[in-house]
Amino acid sequence: MTVLRVLLARLRGLVSRGRADAALDDDIQVHLELLTRDYIHRGLSSRDAQAAARRAFGGVDQVKEAYRDQRSLPAIETFLQDLRYAARMLRRDPAFATVAIISLATGIGASTAAFSVFNAVMLRPLPITDPDRLVLLQPQRRGEEFILVNPIYEELRGRQTTLSGMFAANDTPYLKITFEDEPAPAYVHASLVSGSYFAVLDLTPHMGRLLTEQDDQLPATASDDRCAAVISYRLWVRRFGQDRAAIGRTLRVGDSRCAIVGIGPATFESHQTGFTPDVWLPLRPLTDRKLLASRGMAFFSGVMGRLAPGVEIAQAEEELTTLYQQAQAAQPQPPAAARQPQTTPADFTIRLASGAQGFDKIRRPFSTPLVMILAVVGVVLLVASVNVANLLLARGAARLPELATRAALGAGRWRLVRQLATEGLMLAALGGLLGVGLAWMTIPVLTSQISLGYVTLTDARPDARVLGLALALTVTAAVVAGVLPALRLSRTTLQSGLASGSRTTIASGHRLQRLLVTAQLAMSLLLVSAAGLLLRTIVHLAGVDPGFTPAHVVMLNVRDEAPQPSFGDVDDAIRKARRAERYRVLDERLNSVPGVQAASVSWLGLFSMQDLWLPLIDPDRADDRPNARVDYVSARYFETMGMQILRGRGFRDTDREGMPRVAVINQTLARVRFGAGDPLGRRVALDYRGEQQRPFTIVGVVRDSKYNDVRDSRPNPMMWMPIAQAPFPISSISLRTLPGAEASVARRAEEVLRATDPDIMVRSTTTLSAQIAGKTSRERLLLGLSSGFAALAILLAAVGLYGTLAYMVNRRTREIGVRLAFGARGDTILRMVVGDALRLAAVALVVGVPLSLAVGYSLRAFLFGVTPTDPVAMAGACLVLTIATLLAAYLPARRAAAVDPIVALRYE
Amino acid sequence: MDSDQPAGEVPYGTLDLMVLKTLQVMGALHGYAIARRIEQVARGSLALNQGTIYPALLRLEQKGWIASKWGVSETKRRVRFFTITRAGLRQLAAEQRAWARTVATLNRLLEES
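Going down the list, the protein sequences come from chains A and B.
Residue numbering for the first sequence follows the working numbering, beginning at 1 and increasing consecutively.
Residue numbering for the second sequence follows the working numbering, beginning at 1 and increasing consecutively.
Calculated directly from the structure, the hints in this document are not laboratory data.
We treat Cβ as the ideally placed atom computed from N, Cα and C, and that holds for glycine.
Be aware that a few hints might be false.
As the list claims (entries may be wrong) - For each label pair, taking beta carbons as the anchor points, the in silico distance ranges come out as:
(1) 47/A with 105/B: 47 to 53 Å
(2) 41/B with 2/A: 24 to 30 Å
(3) 467/A with 86/B: 41 to 47 Å
(4) 65/A with 45/B: 52 to 58 Å
(5) 86/B with 7/A: 52 to 58 Å
(6) 79/A with 26/B: 39 to 45 Å
(7) 12/A with 104/B: 36 to 42 Å
Claimed, not checked - Non-contacting residues of chain A with respect to chain B, defined by C-beta distances greater than 12 Å in every case (computed):
(8) 289
(9) 344
(10) 766
(11) 831
(12) 846
Stated by the list, open to error - Simulated coverage check for chain B against chain A, where a stretch passes if three residues somewhere in it have a Cβ under 8 Å from a Cβ of chain A:
(13) 27-34
(14) 45-52
(15) 58-65
(16) 76-83
Can you build the whole structure from these sequences, using the hints too?
Structure (structure tokens):
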């Protein structure tokens with residue numbers, strides 16, 4: 001307690017410095033007076049008495065010093081003194097301070113923002129107990145990702161012993177539900193989960209209860225439409241205003257009526273970063289029975305388990321793999337495709353990945369780009385710190401006389417180091433503060449870029465880990481920027497004493513500076529060349545001929561909510577006819593929207609991210625069933641997409657049910673199936689229930705086009721059929737518009753949909769170009785960031801170079817004066833300075849080019865149309881660097897050339 | 001000088017004890033009076049730099065063993081008067097016991113040899 005009290009008293013002393021000093025002065029004054037009086041009483045003269053009093057008292061200054069040390073915390077007091085001094089120094093040179101602080105703020109801000117997103121995607125564990133015991137099941141076939149179908153999942157779940165529980169989840173971004181007493185349906189984010197979901201995650205409800213195994217049983221009779229639902233805390237707040245009566249209400253999902261049995265925990269949002277379910281529903285009662293039983297069709301978003309106590313991950317992996325292989329052995333293997341060898345059960349394994357962060361829908365695709373972004377911002381931070389160190393060095397060198405004077409007046413080396421380090425620390429602290437502010441503003445922008453399919457990162461708020469990193473970066477920056485130059489300068493100071501002109505010390509400080517500038521230039525080259533490679537990639541991607549014309553096409557991603565055939569079934573004729581008629585009406589109205597050149601509806605559409613292949617039957621070669629990508633489209637589809645018909649014809653309104661069935665194929669399918677022969681008039685059927693016996697006659701061939709990704713190197717065999725003859729539910733509507741009419745057409749099209757067919761729900765509206773660009777979002781993200789940061793790095797390096805050269809010219813004024821006096825011409829001097837800068841750049845290139853090649857190789861997966869050693873990108877980067885060097889050198893060089901020899905020689 | 005012995009330094013840590021004892025016996029005193037009193041009691045056996053009393057007073061005040069308030073000196077000047085606090089009294093008692101023990105131990109040790 002006493003210790004604490006003393007500390008508090010001392011801290012108070014720190015604040016009330018002036019008052020305490022005055023009190024001591026009073027005390028000492030009185031003390032000396034009384035002592036003097038005593039001595040006078042003893043018979044001393046007034047003057048002798050005063051002297052004796054002083055002797056008896058001891059040194060007044062020593063007492064004051066001891067008192068001051070006792071009063072507060074001397075270390076802090078010195079620090080405050082240093083801080084005040086540092087602040088004064090920075091205020092005296094605001095340009096320097098601004099450049100330094102902005103450099104550091106950008107470096108720290110970018111790093112913090114990037115790490116914040118990295119943290120949210122890659123590191124942040126689920127807010128549950130023991131997240132480290134969760135594992136993700138990743139089935140593999142011959143080492144490649146494979147699907148897990150429900151029957152096998154059930155078998156694994158029933159037989160395994162190394163997990164205390166496992167669950168599957170099917171995340172659905174747009175589930176149509178109807179709340180009791182509400183006329184209109186709502187679309188919500190839903191997760192269909194196994195009954196063990198909440199038990200495995202070990203969650204407790206906010207209110208009511210959570211789903212259990214009982215909720216996840218198939219109803220005993222087909223007429224039993226009851227089920228249970230848990231709504232999220234957020235939905236409860238948003239929709240029910242936290243009304244307790246929400247529990248017990250029902251919501252209709254398809255044919256089922258689910259009673260809300262509980263509210264999910266407030267702290268837990270989801271098992272998948274970037275996807276927040278509004279409602280959790282039991283998987284089995286709400287999934288089509290045929291789909292549940294399917295051994296070919298998987299629908300899980302992921303499968304997760306919790307390791308049983310004491311079980312190692314390898315043990316569980318081994319057991320699950322054994323069970324998985326047994327299950328595969330029991331399952332009839334599909335006939336091998338022509339070129340692929342027959343698979344054996346030994347080809348199948350189950351890999352367990354850590355599930356601490358939940359499902360890996362965005363974690364996996366974004367881990368490499370995020371690591372790269374971290375590396376980029378790390379380089380920027382390094383460049384920024386080096387820049388500040390360099391500036392401090394240059395300025396410190398200019399302050400050598402001042403430092404030398406202070407050293408001569410008795411300031412110890414350590415005191416000087418501390419002084420200079422405090423300046424670095426102050427810069428770093430201000431930079432760090434500003435940087436965290438910058439990060440705060442940048443994080444949302446960066447966050448929205450982390451998006452794939454239905455998963456979009458929404459929350460990357462910095463947590464303790466992120467702020468800890470920001471602090472660590474600030475301290476590191478302070479050390480690099482402050483302490484290193486301080487050590488350097490203090491050494492030269494003490495060596496040189498007051499001889500401020502000492503050539504050797506200047507030269508050694510100068511060497512370090514040149515080294516730092518070279519390092520900066522080399523690091524900038526890395527970023528510039530990486531940006532160059534990515535830029536070339538994007539240019540190449542934009543230059544790819546997709547086989548259609550993406551400009552001015554509005555795309556509506558839709559869902560037909562009218563009753564659909566269940567999985568594996570086909571519709572009866574009446575339903576088909578009704579659907580075909582709906583689509584005909586819709587197609588007609590869409591085509592008459594003002595501004596529309598051509599419109600069409602289709603089952604899948606292009607770049608819909610669906611990846612569907614169907615086997616075809618050629619009646620002439622029934623044994624060989626090649627796969628092709630198929631689609632059902634309305635009459636003006638090829639016109640809408642801008643696909644060129646090479647032979648025969650496209651579809652017509654007359655290609656209807658009751659008319660001869662027709663199909664259009666692409667060049668590749670024509671070549672693969674029919675070789676040199678004429679495909680027109682040949683017949684092809686789909687290997688699909690109810691379709692095998694009803695072949696389509698080929699009436700046209702279109703030019704090859706890309707399907708889902710412009711990077712596809714090999715064109716896919718494709719086939720189209722009129723949706724009027726095979727009315728499958730549409731998911732895509734495309735409208736080719738007049739240039740500039742996209743927005744109005746999109747709006748009008750949605751109105752037409754609402755007015756014509758309320759069963760068709762619009763999930764999103766976009767353009768074909770945007771949909772294609774979405775496929776290269778990671779490349780664009782990397783390009784945007786790397787070019788931005790490359791520009792920043794090169795700017796910083798140029799500033800550093802400018803500072804170094806300006807300082808050098810300043811120090812060499814006398815030498816330049818001598819040269820000029822001996823007849824050197826101004827442009828010789830100019831060349832000397834510029835040549836010096838170019839030598840630094842040359843060294844930077846020699847070091848930077850091999851490193852840039854290495855960076856290029858690590859970027860390989862994101863490159864398209866360029867090699868990692870692309871000479872254009874590399875030459876461009878070198879050119880940019882050289883130009884930056886010349887620009888930075890020009891001003892100091894001009895100043896050097898303009899030196900007046902008379903003034904210069906009088907200078908020292 | 002009342003003693004034949006040369007004046008010794010103030011043993012480390014004993015100044016605090018002396019100040020506390022003085023304030024316990026004499027009540028409120030200013031710095032000069034405390035120093036005078038200690039010198040009188042020591043009868044010249046201590047060479048006290050009177051100024052060192054002030055850091056000691058501050059130390060004791062920070063520990064909460066003494067308190068200060070403003071008063072007026074014999075020369076009609078503003079000066080701080082110090083008094084011992086409750087905690088100071090407890091501390092003094094404890095230190096007196098400890099001191100007595102130390103002295104007794106030392107005495108026994110010195111007599112035996």
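Structure-inconsistent hints, enumerated in ascending order:
Hint check: 4, 5 fail, others pass.
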